Amino acid sequence: MNAIRKPQVRGNRIKELLMKVIFLSAALFSTAAVLIICLFLFARGIPAINEIGWLNFLTGTRWKPSDVPPSFGILPMIVGSVYATGLAIAMGAPVGILAAIFISKFSPPKIRRFINAAVGLMAGIPSVVYGYFGMVVIVPAIGRTFRVSGASLLAAGIMLAIMILPTIIQLSVSAIDAVPATYYEGALAVGATHEQSVFRVVVPAARSGVLSAIILGVGRAIGETMAVTMVIGNQAVMPESLIRGARTMTTNIITEMGYAVDLHYDALIATGVVLFVFILIINFSFSIIKNRGIKYDGS
Amino acid sequence: MTNNEITMEEILGHDVARDLTDDAVLDIAAPLSDKIAFEIRDLDLFYGDFQALKNVNMDIRQNAITTFIGPSGCGKSTLLRCLNRMNDLIESCRIEGSISLYGENIGGNNIDVNMLRKRVGMVFQKPNPFPMSVYDNVAYGPRTHGIRSRAKLDDLVESVLREAVLWDEVKDSLRKSALALSGGQQQRLCIARALAVRPDVLLLDEPTSALDPISTSKIEDLVMRLKSTYTIVMVTHNMQQAVRISDETAFFLLGEVIEMTDTKSLFAMPADRRTEAYITGRFG
Numbered sequence: 002m003n004a005i006r007k008p009q010v011r012g013n014r015i016k017e018l019l020m021k022v023i024f025l026s027a028a029l030f031s032t033a034a035v036l037i038i039c040l041f042l043f044a045r046g047i048p049a050i051n052e053i054g055w056l057n058f059l060t061g062t063r064w065k066p067s068d069v070p071p072s073f074g075i076l077p078m079i080v081g082s083v084y085a086t087g088l089a090i091a092m093g094a095p096v097g098i099l100a101a102i103f104i105s106k107f108s109p110p111k112i113r114r115f116i117n118a119a120v121g122l123m124a125g126i127p128s129v130v131y132g133y134f135g136m137v138v139i140v141p142a143i144g145r146t147f148r149v150s151g152a153s154l155l156a157a158g159i160m161l162a163i164m165i166l167p168t169i170i171q172l173s174v175s176a177i178d179a180v181p182a183t184y185y186e187g188a189l190a191v192g193a194t195h196e197q198s199v200f201r202v203v204v205p206a207a208r209s210g211v212l213s214a215i216i217l218g219v220g221r222a223i224g225e226t227m228a229v230t231m232v233i234g235n236q237a238v239m240p241e242s243l244i245r246g247a248r249t250m251t252t253n254i255i256t257e258m259g260y261a262v263d264l265h266y267d268a269l270i271a272t273g274v275v276l277f278v279f280i281l282i283i284n285f286s287f288s289i290i291k292n293r294g295i296k297y298d299g300s
Numbered sequence: 023m024t025n026n027e028i029t030m031e032e033i034l035g036h037d038v039a040r041d042l043t044d045d046a047v048l049d050i051a052a053p054l055s056d057k058i059a060f061e062i063r064d065l066d067l068f069y070g071d072f073q074a075l076k077n078v079n080m081d082i083r084q085n086a087i088t089t090f091i092g093p094s095g096c097g098k099s100t101l102l103r104c105l106n107r108m109n110d111l112i113e114s115c116r117i118e119g120s121i122s123l124y125g126e127n128i129g130g131n132n133i134d135v136n137m138l139r140k141r142v143g144m145v146f147q148k149p150n151p152f153p154m155s156v157y158d159n160v161a162y163g164p165r166t167h168g169i170r171s172r173a174k175l176d177d178l179v180e181s182v183l184r185e186a187v188l189w190d191e192v193k194d195s196l197r198k199s200a201l202a203l204s205g206g207q208q209q210r211l212c213i214a215r216a217l218a219v220r221p222d223v224l225l226l227d228e229p230t231s232a233l234d235p236i237s238t239s240k241i242e243d244l245v246m247r248l249k250s251t252y253t254i255v256m257v258t259h260n261m262q263q264a265v266r267i268s269d270e271t272a273f274f275l276l277g278e279v280i281e282m283t284d285t286k287s288l289f290a291m292p293a294d295r296r297t298e299a300y301i302t303g304r305f306g
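Here the protein sequences come in this chain order: A and B.
Be aware that the first sequence starts at 2, since it is given in the numbering used here, and climbs by one per residue.
Be aware that the second sequence starts at 23, since it is given in the numbering used here, and climbs by one per residue.
The hints are simulated quantities; they were obtained by calculation from the structure and are not laboratory data.
A quick note: this is a predicted structure, and the numbers were derived from the prediction, not measured.
The beta-carbon is built from N, C-alpha and C at its ideal position, and this holds for glycine as well.
One or more hints might be untrue.
Below, computed lysine-lysine pairings styled on BS3-like, alpha-carbon distance capped at 30 Å [said to hold, decoys possible]:
no., chain 1, residue 1, chain 2, residue 2
1, B, Lys174, B, Lys193
2, A, Lys291, B, Lys198
3, B, Lys57, B, Lys240
4, B, Lys193, B, Lys240
5, A, Lys291, A, Lys106
6, B, Lys148, B, Lys240
7, B, Lys76, A, Lys106
8, B, Lys148, B, Lys198
9, A, Lys291, B, Lys76
10, B, Lys76, B, Lys174
11, B, Lys76, B, Lys193
12, A, Lys106, B, Lys198
Partial selection, computed: residues in chain A whose CB lies under 7 Å from chain B [what the hints assert, rightly or not]:
no., residue
13, Ile5
14, Ala44
15, Pro48
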């Protein structure tokens, strides 16, 4: 009898085939989900933009869906999203990166464990809770300081800066931790101090990873909806000042989706299309930077 | 010819011996400097409970090449890393005894370790250029120590790259990433980076073990050229390399220095049976 020959059991083959199909469909499910969402968005959004007119839709500064005739210009919302996200990155990125440097290179193990746990918890807090915090702490604080209502772009920016911290910190820490110890030793060996080695060799070596962390932070900030809705004021006007109310693309959708009908409804989905394109651009730059990092750092 | 006068040729075989005599740069017979750079006295080193170095006593001469040989884990790299206090990075490491550089004790808390490392440069086993341009790699040390002037840095970078015999190969790509260089070029760049802070001593931890033979011989030539300016201490696994380039050799075994003397005598007439067993390839 040949011991190497596979036993020819019919049932086993069928089982194997069946499992393959199950695994494959599980793998395809997420791809399919993305495709279906894309299809749905574009199928309803693009005709709406065509009807409104691309220029009117993207560069119009008036969003008056109930006027006769209605205006569907989402430029105020695009600008609002860009401002809120820009503010979030301007405040969140420096704090996040410095925190990551501290965690990775300066903190004693005990403190590192404590901060890691705190950051992990931060990532898990539901955004409505952040929004509540923003409503009862940040908005009134801005209101008192500037003698305005307080619900504003600045409030949304601060809110988002806090919300993107875990993303930026966790990814930056892994990027800095991944820098080979030989770089650090090489810097020490020419007489650099710990600080000089960290800031002038180790962190620059991690720059592509840190940049990816910031880009993912941008993605998180631009897509955040609930917390922003609660603090930004939601006026669909071109932002005039950081301490005045504004509206982002996400909050535009959530504020009006409940009662919109017909073209108004489709215009909101079209807003989603624009947001989706923004996210695509962000993901694309993320993968470009990642790949360049591989080429340059060899890591 | 007496029994003691064994020629290098007999020990190493014809090829190596010819290399030795043909190379004009090599001049093992030149009188060694009497000046001592490092004095190591009664040095014990522990990693936690494990004793990695046992009662090491050693003088390292100025402007000479001293090599440490011995099987893996014998403590030679550990001793090398004591000389610029790289072992400070290892928390469990404890040192007893003393090491002095030109009469000044380098142990203890009142030493500016960064200044020590500026005077005692180090090159590692695996070439570790920073992921930045060739120029910035060399300029890193001088910038760290406060040199900001563009003209001064330009001069310094060129002169150390020439010293490291790398200038002609990289002068047109000073702004390119150092990681694009070959392994041998990277290692010479690391030597240049170490030289850029004008150290007294250069420590080399198996600098050629990751390199091909041609790159290796370039590094060896370079090291021999450098000894007129610097004191060189090198760990190597390659005994022929020790013979080719070093003035003095120390043989390590299980944390002890079994013997240390001029390279020629150590390989020709080892005083200790264990040295003889190692260099004739009976273990290690």
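Results of checking the hints against the structure:
Straight-line distance between C-alpha atoms of B:Lys174 and B:Lys193 comes to about 17 Å, which keeps the hinted pair within the 30 Å bound. The straight-line distance between the Cα atoms of A:Lys291 and B:Lys198 is roughly 20 Å, inside the 30 Å bound, and the hint therefore holds. Under the criterion of a C-alpha separation no larger than 30 Å, the hint pairing B:Lys57 with B:Lys240 is consistent with the structure, at around 28 Å. Of the pairs offered as hints, the one joining B:Lys193 and B:Lys240 holds, with about 18 Å between alpha carbons and a cut-off of 30 Å not exceeded.
Note on A:Lys291 and A:Lys106: the hinted pairing holds, with a Cα-Cα distance of about 23 Å set against a maximum of 30 Å. This hinted pair checks out: B:Lys148 and B:Lys240 have alpha carbons roughly 16 Å apart, not beyond 30 Å. Restraint check: the Cα-Cα separation between B:Lys76 and A:Lys106 comes to about 33 Å, which exceeds 30 Å; the hinted pair is violated. A threshold of 30 Å between alpha carbons decides the hint, and for B:Lys148 with B:Lys198 the separation of about 20 Å falls inside it, so the pair holds.
Under the criterion of a C-alpha separation no larger than 30 Å, the hint pairing A:Lys291 with B:Lys76 is inconsistent with the structure, at around 48 Å. Taken as a hint, the B:Lys76 and B:Lys174 pair is broken in the structure, with Cα atoms around 45 Å apart against an allowance of 30 Å. A distance of roughly 46 Å separates the Cα atoms of B:Lys76 and B:Lys193; the hinted pair therefore is violated under the 30 Å criterion. Only pairs whose Cα atoms come within 30 Å are accepted, and A:Lys106 paired with B:Lys198 is accepted, the gap being roughly 28 Å.
A least Cβ separation of about 42 Å between A:Ile5 and chain B goes past the 7 Å threshold, and the interface hint is therefore violated. Interface restraint check: A:Ala44 against chain B, minimum CB-CB distance 46 Å, threshold 7 Å, status violated. The beta carbon of A:Pro48 is not positioned within 7 Å of any beta carbon in chain B (closest approach about 49 Å), and the interface hint is therefore violated.
In this structure, the earlier hints numbered 7, 9, 10, 11, 13, 14 and 15 are contradicted, and the remaining ones agree with it.
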